[in-house]
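Enquirer: Sequence:
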Amino acid sequence: NNLGMSYFKAGDFEDSTIEYSKAINHVKTEHKNYELDPEIMKQIAIFCNNRGLAFYHQHRYAEAKTDFDEAISLEGDDAIYYFNRGNNSYDQSLILANIEGSEENAKKL
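Residue numbering for the sequence shown follows full-length UniProt numbering, starting at 1 and increasing by one per position.
Derived by calculation from the structure, the hints in this document are not laboratory data. The beta-carbon is built from N, C-alpha and C at its ideal position, and this holds for glycine as well. This list has only true hints and no planted wrong ones.
Estimated spans, in silico, between C-beta atoms of each pair: (1) S6 - L36: 29 to 37 Å; (2) D37 - I99: 40 to 48 Å; (3) H31 - S93: 32 to 40 Å.
No more than 25 Å apart at the CA atoms, straight line, and that leaves these computed lysine to any residue pairs for SDA-like: (4) K42 - Y7; (5) K9 - I72; (6) K22 - I40; (7) K28 - S73; (8) K65 - G76; (9) K28 - Q43; (10) K22 - L36; (11) K65 - Y90; (12) K28 - S6; (13) K28 - L3; (14) K22 - I80; (15) K22 - K32; (16) K42 - T66; (17) K28 - R85; (18) K65 - D91; (19) K65 - H26; (20) K42 - Y61; (21) K42 - F83; (22) K22 - A10; (23) K65 - I99; (24) K42 - E75; (25) K42 - S6; (26) K42 - D78; (27) K65 - E75; (28) K22 - Q43; (29) K22 - P38; (30) K28 - D78; (31) K28 - K65; (32) K32 - I18; (33) K22 - Q58; (34) K42 - S21; (35) K9 - E63; (36) K22 - E75; (37) K22 - T66.
Construct all of the structure, not just a fragment, from the sequences and the given hints.
Expert: Right, here's the structure in full:
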């Protein structure tokens, strides 16, 4: 999806997620039996991965993980989807650890 990628490259991750959502819905609507066509599955996987990256850049980690998981389920041979999911999980765990550390520090005050 060129528009989704254009927004992404411009740093407009919110509009990027919107455009990738439209693209995913369009392809799934146009190809009801997309599970039977490896090329269509690959296309949807790419869109899911790209939308996941846009969610990731918005710190919307749960939504990003859902998209990376879907990309993996559609095209599990592409290592980049696993890499992106791993980065997403790692960054999310750092934030959670920081929150927990902040709570502990607040209790000490």
